[in-house]
Every structure is written in structure tokens, then in C-alpha cells.
Amino acid sequence: MELDTATKPAPAPPPTAQEAPAHPLLEAVELVKHFPIKSGLFGRANAVVRAVDGIDFSLYAGETLGIVGESGCGKSTTARVLMNLIKPDSGNVLLNGRAPGTPELSLKDFRAQVQMVFQDSYASLNPRLTVEDSIAYGPTVHGLSSTDAVRRARRLLDRVGLDPRRFAGRYPHELSGGQRQRVNIARALALEPKVIILDEAVSALDKSVEAQVLNLLLDLKDEIGLTYIFISHDLEVVRFIANRVMVMYLGRVAEIGPTDALYTGGRHPYTNALLGSMLSMNPDERTMEAPLAGDPPNPIDPPPGCRFHTRCAMAESVCSAKMPTLTVTGAGHFAACHMVDPTSGHSKAAA
Amino acid sequence: MVQAVATLPIDDVAIERSPGYWVTVWRRFRRDPVAMVALGVILLLILIAILAPYITPHDPYRGATLRRLRPPGTPGHWLGTDELGRDMLSRLIYGARLSLFMGVTPVFLALFIGSAIGITAGYVGGWVNTILMRTIDIIFAFPSVLLAIALSGAMGAGIVNGLISLTVVFIPPIARIAESVTTSVRGLDYVEAARASGAGALSIVRKHVLGNVLGPIFVYGMSLIAVSMILASGLSFLGLGVRPPEPEWGLMLNTLRTALYTQPMLCALPGIMIFITSISFNLLTDGLRSAMDIKA
Amino acid sequence: MTTTSDPVLDIRGLTVTFGGGPKAVRALDGVDLTLGRGEVIALLGESGSGKSVTLRSILRLHPPKRSRIEGSIKVEGVDVTTLEGRALEAFRGKTVSMVFQEPMLAMDPVYTVGQQIMEAVRNHESISAADARARALEMLTLVRIPSPERRLQAYPHEMSGGMRQRAMIALALSSKPRILLADEPTTALDATVQVQVLLLLRELQRELGLSMIFVTHDISVAVEVADRIAVMYAGRIVETGTVRDVIRRPRHPYTIGLLSTRAHGGRLEGHRLPAIPGSPPDLANLPPGCAFAPRCAIAAEACRASVPEAVDVGGGHRVRCFRTADTANRIAALAPAVTS
Chain A
1 MELDTATKPA PAPPPTAQEA PAHPLLEAVE LVKHFPIKSG LFGRANAVVR AVDGIDFSLY
61 AGETLGIVGE SGCGKSTTAR VLMNLIKPDS GNVLLNGRAP GTPELSLKDF RAQVQMVFQD
121 SYASLNPRLT VEDSIAYGPT VHGLSSTDAV RRARRLLDRV GLDPRRFAGR YPHELSGGQR
181 QRVNIARALA LEPKVIILDE AVSALDKSVE AQVLNLLLDL KDEIGLTYIF ISHDLEVVRF
241 IANRVMVMYL GRVAEIGPTD ALYTGGRHPY TNALLGSMLS MNPDERTMEA PLAGDPPNPI
301 DPPPGCRFHT RCAMAESVCS AKMPTLTVTG AGHFAACHMV DPTSGHSKAA A
Chain B
352 MVQAVATLPI DDVAIERSPG YWVTVWRRFR RDPVAMVALG VILLLILIAI LAPYITPHDP
412 YRGATLRRLR PPGTPGHWLG TDELGRDMLS RLIYGARLSL FMGVTPVFLA LFIGSAIGIT
472 AGYVGGWVNT ILMRTIDIIF AFPSVLLAIA LSGAMGAGIV NGLISLTVVF IPPIARIAES
532 VTTSVRGLDY VEAARASGAG ALSIVRKHVL GNVLGPIFVY GMSLIAVSMI LASGLSFLGL
592 GVRPPEPEWG LMLNTLRTAL YTQPMLCALP GIMIFITSIS FNLLTDGLRS AMDIKA
Chain C
648 MTTTSDPVLD IRGLTVTFGG GPKAVRALDG VDLTLGRGEV IALLGESGSG KSVTLRSILR
708 LHPPKRSRIE GSIKVEGVDV TTLEGRALEA FRGKTVSMVF QEPMLAMDPV YTVGQQIMEA
768 VRNHESISAA DARARALEML TLVRIPSPER RLQAYPHEMS GGMRQRAMIA LALSSKPRIL
828 LADEPTTALD ATVQVQVLLL LRELQRELGL SMIFVTHDIS VAVEVADRIA VMYAGRIVET
888 GTVRDVIRRP RHPYTIGLLS TRAHGGRLEG HRLPAIPGSP PDLANLPPGC AFAPRCAIAA
948 EACRASVPEA VDVGGGHRVR CFRTADTANR IAALAPAVTS
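Chains as they are written, first to last, in this note's numbering: chain A, 1 to 351; chain B, 352 to 647; chain C, 648 to 987.
Hints may be right or wrong, so weigh each one.
[Claimed, not checked] Below, computed lysine-lysine pairings styled on DSBU-like, alpha-carbon distance capped at 30 angstroms:
{"#": "1", "chain 1": "A", "residue 1": "Lys207", "chain 2": "A", "residue 2": "Lys194"}
{"#": "2", "chain 1": "C", "residue 1": "Lys712", "chain 2": "C", "residue 2": "Lys670"}
{"#": "3", "chain 1": "C", "residue 1": "Lys712", "chain 2": "C", "residue 2": "Lys741"}
{"#": "4", "chain 1": "A", "residue 1": "Lys87", "chain 2": "B", "residue 2": "Lys558"}
{"#": "5", "chain 1": "A", "residue 1": "Lys221", "chain 2": "A", "residue 2": "Lys207"}
{"#": "6", "chain 1": "A", "residue 1": "Lys221", "chain 2": "A", "residue 2": "Lys194"}
{"#": "7", "chain 1": "A", "residue 1": "Lys194", "chain 2": "B", "residue 2": "Lys558"}
{"#": "8", "chain 1": "C", "residue 1": "Lys670", "chain 2": "A", "residue 2": "Lys207"}
{"#": "9", "chain 1": "A", "residue 1": "Lys221", "chain 2": "A", "residue 2": "Lys108"}
{"#": "10", "chain 1": "B", "residue 1": "Lys558", "chain 2": "A", "residue 2": "Lys108"}
{"#": "11", "chain 1": "A", "residue 1": "Lys87", "chain 2": "A", "residue 2": "Lys221"}
{"#": "12", "chain 1": "A", "residue 1": "Lys87", "chain 2": "A", "residue 2": "Lys38"}
[Said to hold, decoys possible] If you only want the chain A side, here are some residues facing chain C, beta carbon under 10 angstroms, derived:
{"#": "13", "residue": "Gly69"}
{"#": "14", "residue": "Pro283"}
{"#": "15", "residue": "Met288"}
Rather than coming from a laboratory, the hints here were simulated on the basis of the structure. Cβ coordinates follow ideal geometry from the N, Cα and C atoms, glycine included.
Please take these sequences and the hints and turn them into a complete structure.
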């Protein structure tokens with residue numbers, strides 16, 4: 001299958017965030033999604049999970065935006081809202097400046113351009129369909145004849161490194177996790193999308209297989225000119241694959257910026273705590289102190305002000321009183337922390 | 352939207368095909384000896400029911416006052432005779448027709464109606480789900496035996512009324528199972544992926560939901576056949592279902608009960624038939640359920 | 648530290664087969680492992696490598712009807728494979744105890760954390776309820792649960808993931824076992840919580856002088872807690888050695904592949920990860936020779952013909968590979984980042 005590709009010559013580099021075109025490919029504008037927790041006889045909501053609570057970001061053509069954060073930070077909900085699988089309570093998703101579900105951009109057309117790969121490679125394939133039928137389904141929905149759809153499915157299988165002769169007629173349970181995830185990638189490609197959202201797409205794979213799939217994603221991106229949103233809890237993998245990284249905490253963006261700048265000089269204390277939790281791989285430099293105590297708080301009842309102030313060593317009174325907004329800290333680098341906002345009144349705020 | 356594609360050499364390669372889902376299920380089922388025996392018994396019973404006119408030694412309706420309540424082993428009447436002197440073997444063979452019919456029909460009717468309700472409620476969700484499922488819950492709140500008796504009693508005795516009341520009894524459990532299976536399938540990533548590909552609700556239900564929910568619902572329905580047979584026999588026993596002189600196992604149990612102390616073996620025969628049939632259906636269901644549980 | 652002279656746990660030729668007939672799965676095949684007093688060994692491997700099966704065999708948790716266990720497992724000189732009834736019950740929890748990946752599944756949802764610890768203690772010791780409660784409190788304090796008095800009354804579902812795992816550790820340590828088995832105890836936790844639990848386990852191990860086997864699929868976790876690493880592949884231990892030996896001078900091609908395949912640091916444009924080709928093997932259908940041979944870049948005829956025995960490449964660093972002569976400086980060529 002996938003050969004050692006370390007020595008593969010580099011194709012032309014895709015545009016990076018720095019030389020980003022003026023208008024973004026995909027935009028999230030003030031996205032809010034709360035889930036009511038229903039209880040009682042008539043299912044009255046008496047609490048809400050603030051899964052996504054005001055998120056703004058742009059995705060530029062050709063880049064890979066990594067989204068990191070811990071459980072309950074809302075990264076998977078964000079993915080589903082972006083995909084229009086869940087309707088946001090407020091806010092908008094825009095593709096090339098157009099909102100899906102409007103006369104300018106039907107939901108169906110939007111979905112042909114934005115696709116998703118899920119974490120669970122088994123649950124995301126219909127167990128009753130053969131691999132080629134699963135891949136061919138999307139194109140037939142969009143009007144391709146079934147013969148042509150099956151042809152396309154087989155070519156895509158070949159493209160993702162699975163011999164169609166051996167795999168096209170198989171059922172998902174006959175494949176290994178890595179092979180299934182290749183099928184899922186082929187299915188996402190079948191509609192010739194511009195954007196693919198990868199929601200923990202390699203997290204469930206064994207390490208030896210994960211590398212193969214990451215390489216495949218990079219190859220596809222270079223050859224087809226795809227744009228990725230790569231959601232993961234694995235900071236090493238995100239650092240490897242992403243051009244820009246967005247750090248989320250309890251439904252809000254804590255920091256967003258170019259990968260290198262963020263990994264070497266995170267401006268939000270949470271970013272640095274998260275990076276500090278990465279293990280060193282060096283037996284002579286073991287981690288001696290945990291960067292944070294306790295678990296992430298519950299998104300049902302997030303703390304007021306800065307969501308992170310309950311765990312932050314730098315917290316001052318302003319942090320619990322006022323919610324910080326994203327502030328520019330460098331080229332394309334923003335952090336939502338009172339310490340980077342000179343007007344916030346935080347004693348460590350850079351003047 | 353998407354343009355047609357030109358032919359490439361890769362399009363013409365022959366692909367290896369795995370056997371389909373049900374072929375695999377059958378292969379797995381075949382390896383389960385208990386389930387295979389149960390299947391054999393059921394097929395045999397069906398065969399017997401079909402061939403009844405050709406294999407019965409006597410007319411199941413004609414009695415002989417002088418030959419009443421003969422024990423099993425009587426020459427000419429291997430399984431004895433009943434309280435009117437009718438040949439037990441012939442009546443048991445003919446009884447398979449009515450008993451199987453009374454057991455299977457309500458379940459199949461209820462499978463149609465219950466699945467439709469449950470799948471709709473499960474896939475659409477929201478208010479539709481609430482209204483449909485709460486209504487179902489109200490019917491479900493009655494104990495099934497009482498409900499069947501009450502309905503049959505209200506409509507009057509007879510095969511058709513018995514079938515109707517049993518069907519009504521089985522709709523709620525099937526609808527509930529259908530609803531819960533559909534709800535869980537609807538939440539699976541492959542249904543999300545299908546929605547993400549821009550497919551409409553009907554297409555998704557047809558291609559991705561039905562294939563994955565009908566199997567489990569059907570298996571659950573199969574497990575109800577045993578209950579249905581017992582309930583149908585119960586109705587007949589109470590004089591509410593099949594009426595004399597029709598041979599039906601439950602009814603035979605009723606009419607023979609006067610001889611319980613004089614010919615216990617004879618009285619037990621219809622009961623044994625009900626027992627064998629219902630346990631076979633149960634074992635068949637168990638085997639089918641584990642054969643269908645194909646995992647990676 | 649290696650105290651092989653006085654191992655608390657000595658596994659010899661452990662072979663575990665599940666099922667029978669043509670469908671039999673040999674989950675473990677001739678595993679040898681010794682654990683010294685106060686030593687921490689990380690069992691490292693991917694899904695299906697047999698790392699959890701090894702752990703469960705030590706506690707005899709496999710259903711006896713569907714599994715066949717061969718070889719010996721000696722804990723402090725007693726062969727665990729022969730234990731029955733009361734002796735087995737006394738052994739579980741008291742001598743050897745286990746922490747699971749999912750405390751939510753391992754703990755009983757209808758009892759409070761305090762009740763569960765008290766019950767565990769009183770299963771092994773005849774002490775009063777008050778003493779058991781005092782022990783439970785002591786255990787929760789030991790695992791650094793804030794306001795332990797109050798947490799005694801908490802049900803597992805009322806705790807956060809990290810707290811639950813701490814409670815699980817308290818439960819496992821409540822009867823003061825000498826050997827602790829940990830089955831991916833931090834895998835389900837968030838990054839910032841994982842570090843906390845790893846540090847806790849490391850501190851407790853040192854404070855209590857525990858011997859520990861730590862099962863993980865994550866090399867960086869193994870490096871963080873272990874003295875020695877045993878790398879498993881397809882039911883066999885393919886490489887064992889000190890943490891430094893295994894991660895700096897790995898000699899088995901699989902270990903080398905695993906280390907070089909790790910995404911590490913940023914990526915240069917066009918760069919790809921050196922990946923191990925192929926998929927993990929099917930345990931019901933293993934090749935006759937080395938199980939890694941089909942994926943190995945340097946596999947030779949011999950590798951496909953027979954299973955290599957472990958060879959010592961120096962200082963107790965043992966490798967099951969025929970080609971150790973060719974793997975001496977492999978890692979340096981593949982992944983300079985790891986050795987620097």
C-alpha cells in the first residue's frame with residue numbers, strides 16, 4: 001500500500017495564510033449553538049450546554065486550519081455547525097461570502113463543496129453498503145448516473161491507496177481501521193469539494209497507520225488543491241499538518257494564529273498550558289509539574305468573564321468581570337486574553 | 352452539478368465481491384446447530400400444516416362416540432382420541448394450520464404498522480415523535496393478555512376479531528423497538544455523512560436507514576411469534592378466538608381439560624405442540640440475532 | 648532499575664488462545680516478562696498487540712471457558728495460573744490490583760466512591776466500618792482529591808473525568824497491593840488532565856514502592872512513567888530494554904518505525920512522515936515467520952520462514968529480530984529529531 005513517502009519531491013506549495021487572498025473561502029460569523037438539556041414531562045429546558053458561544057474565524061483557500069481544545073470546548077459542534085448538520089442558534093456560515101440555504105447558494109450545492117470525515121471510521125460507513133456504493137452515493141444524489149458514480153468511486157479508491165479490485169466490493173467490517181478511514185476520505189472527495197473538515201479523523205487509528213493517512217491527506221491537498229479544517233486533540237499532529245491553529249476553550253476561541261508563532265509563542269495562558277501538557281519524549285527531561293490543576297469546567301454553566309479565569313494563574317478581578325475579545329498580537333495572530341489588550345486594565349496587559 | 356466522466360482503463364477491472372449481508376448472515380446462522388434444529392422444526396411444522404389433508408390418517412372433524420378419550424398408543428389412533436372421539440394426530444396436524452396462522456399473522460400485520468409508526472417517529476423526531484410515541488405508550492400501558500381479551504371480548508369471538516386484537520397488542524412493542532433502533536441509527540455518523548452529501552430525507556431513509564433497522568425489527572417481531580401463538584391459544588382457550596369444532600391447539604387444550612385427571616398425557620399433547628413451536632421460534636430468533644451481529 | 652535477581656512478577660512463555668478450531672485466535676504467543684520490585688514497565692503496542700491481554704492474564708480475568716492459557720505467571724513465587732477460589736480472590740486486589748481506562752465502566756454507578764472503597768477494603772481485611780471509612784478517606788487524600796471528605800459521598804457520575812480516574816486509583820490502591828497494573832489509565836483523559844494523572848501515578852509508585860505494569864499505545868506516555876519498555880507486536884514482545892535504550896537505540900524495525908513515524912515539531916513544505924506500510928496483522932491468520940515481516944523494509948528469507956528468538960544486544964536490551972546487525976544505526980538515519 002502506501003510506501004515510505006518521506007523522500008517524495010514536494011509539489012508546488014499551496015498559498016499560505018500570510019499571502020492569503022483578500023476574501024476568505026469559508027467564514028464563521030458569531031456562531032452560537034446552545035443545546036437545551038430537557039427534562040420533565042413536557043421536555044422543558046432548564047439548562048443549556050453552551051457548546052459554541054460566539055465563534056468567529058475565516059478559512060482561506062489552500063490552507064489547513066487546525067482546531068485544538070479539550071473535551072467540551074465545542075470543536076466537534078463547531079464542525080457540525082460549519083457543515084450545516086446543526087443549525088446555529090445565531091450567526092452565519094459563509095462560503096465565498098454566501099450563506100448556504102439561500103437562493104444564491106442552495107444547501108445541496110454548499111454540501112457538495114464542504115465535506116467531512118468523522119473520527120469513527122466504522123460508524124461513518126453504512127454497514128449494509130459495499131465500499132464503492134458508499135462512495136458512489138453522494139454523486140448519485142447530485143445527479144451523476146450510477147455507472148459513472150461507481151466509476152468515480154473506483155478511481156477514488158485507487159487514489160486513496162486502496163486497490164479497487166480488492167476493496168470496491170467489500171463491506172466496512174472486512175476492512176481495517178486505516179483502510180476504512182481511506183474509504184471515508186474517498187467518500188468525502190467524491191463530490192469534488194473545496195473544503196474538507198476532518199473531525200479527529202486520525203485519532204482512532206494506530207500510530208503506524210496514522211502516519212500513512214496523514215501523508216495521504218497531505219498528498220491529496222497538494223494535488224487537488226483542497227482546504228482542510230483539521231480538528232484534533234493531538235497537538236503534535238496538528239503542529240505537523242496545520243498552517244494555522246485555533247485554540248478553543250469552553251465554546252470560545254482562546255487564540256488563533258500561524259502554527260509556528262502559536263506553538264513557540266502562545267499568548268493565551270490556556271494555549272501555553274495546553275502546549276505545556278505535551279510530553280517531552282525525553283526520559284531525562286520528564287514533566288515535573290502539571291501546567292494546570294483540575295479538569296476543564298462544565299460547558300453547562302461556564303464561568304463568567306474569561307472562561308479560563310478559574311484555572312488561570314494570572315487571573316485578576318477584570319478576568320471574572322469582563323469577557324476578553326480577540327485582540328491582534330502579531331501577523332494574523334489573535335488572542336482573547338486581557339493581558340494582550342492594553343485597554344483591559346489587567347496589570348500584566350502590554351501597554 | 353457534476354459532469355459525466357470519460358472511461359479509463361481502471362473502470363473495466365473486475366472487482367472481487369464479498370458475499371452480501373444476508374448471505375453472510377446465513378453462513379453464520381448455518382454454523383449454529385441449535386438455531387438450525389429450531390429452523391428445521393419450524394419448516395417441518397409448516398410442511399405438515401401445508402400437507403395436512405394428505406398426511407392425516409382420519410378426518411379431524413368426525414368423531415365416534417364409542418371411541419372417546421383413548422390414550423396415546425391406541426391401535427389406529429397413535430395419539431389417542433379426544434373427548435368427542437376425534438383422532439388426536441389428525442387434529443394436531445390440522446391444528447398446526449390455524450395455530451401457526453394465528454401466531455404469525457398478527458405479528459406480520461403489526462410489523463407493517465408498527466415499523467411504519469416507529470420509523471417515522473424515530474427519523475422525524477420532535478413533535479411527531481412525541482405524539483406518535485405517547486399514543487403508543489397509552490396502548491402499551493395495558494397488560495397484553497388483558498388487552499387482547501378485552502378487545503376480543505368487545506368485538507366478539509372469531510378468527511378475524513382475534514387477529515385484529517392480537518395485532519393491536521403487538522403494534523406498541525414493535526413501534527417502540529422500531530423507534531429506538533431508528534433513533535440510534537439516525538444519530539450514527541454514516542447518516543450524518545449522507546446528510547452532509549446533500550441527500551434528502553427520503554433518499555437517506557431508503558438507502559441508509561431501512562436496511563439497517565428492518566433486520567433488527569424483523570428479528571424482534573420473530574421473537575413475538577411465540578408470544579402471539581400462546582396468546583392466540585389463550586384466546587381460543589377462553590372461547591374468544593377460534594371456535595369449536597375447528598382444530599386449534601389452544602382450543603383443544605380447553606376442550607380436553609375435562610379429561611385432565613383421566614387422560615393427562617392426552618391433555619398435554621396440544622400444550623406440548625404449543626411449547627415446541629414457541630421455543631423453536633425463540634431459539635430461531637436467538638440464532639438469527641447473533642448471526643446478524645457481524646462485527647469488524 | 649532492573650532487579651531481575653528478585654522479580655516480583657515473572658512471566659514465562661505465556662500463550663493465550665481465544666476460541667478453538669480454525670477460528671482460534673492466538674492473542675499472546677510466548678511472552679516472557681520479569682518485573683522487579685519497585686520497577687515500572689511500560690507495555691507498548693497498538694490495538695491487537697496483546698498488551699491488555701497480558702495484563703488481564705496476570706489477574707486471571709479471561710473467561711476460562713473460552714480461553715486457553717499456557718506458560719507460567721509467578722507473582723512473588725506463586726504461580727497465578729494455578730490459583731483457585733478464595734486464594735484467587737485474595738490475590739486480586741490484595742497482591743495485584745488494576746486501574747482501567749474507563750473508570751465509568753469499572754466503577755459501580757449505584758454506590759458512592761466511599762462505599763466502593765470501603766467494600767474493597769473489607770473484602771480483604773476484617774476491619775470495622777469506621778476503620779474502612781477512615782481508610783477510604785486516607786486513600787482519597789492520597790490521590791490528591793480536593794475536599795476528600797465530601798467526595799466520599801459522591802457517585803462516580805458526579806465526578807469529572809480526572810477526578811474519577813483518581814478515585815479509580817484510590818480504589819485500586821485501597822488494599823495496599825504490591826503490584827499495580829494500569830491499562831491505558833490516561834488515554835481517555837484530556838491533555839491537561841493526562842499530565843496530572845501521570846504525575847500522580849509516578850509519585851504514588853515512588854512513595855508506596857509499587858511495582859507497576861503500565862499498558863499504553865503512546866510512546867511519550869511510556870517515556871514519562873516507565874523504567875523499562877516492552878514493545879509488543881501481534882502477541883509477542885519484540886523488544887525490551889530501558890527507556891533510554893528503547894527510544895534512543897531501538898533495534899527492532901517495528902520500534903524504529905514507530906519512533907520515526909511520530910509527527911514531531913513543525914513540518915517543512917512537502918515533507919511527509921516516514922510511515923510503516925500496510926496494516927497490523929490479523930491474529931487469526933498470522934504469517935509463519937516474524938509477524939512484522941510483511942511490513943518490514945529489511946525482512947529477509949529467514950524472517951518469513953521462522954519466528955526469531957530474543958537476542959540480547961547489550962545490557963538486557965533484548966530484541967526478537969534476525970536483522971539486529973542491520974538495525975544498529977537505523978533510527979539516526981530515519982528520524983534525527985528523536986535522537987537529538
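Check: Which hint numbers doesn't this structure obey?
Finding: none
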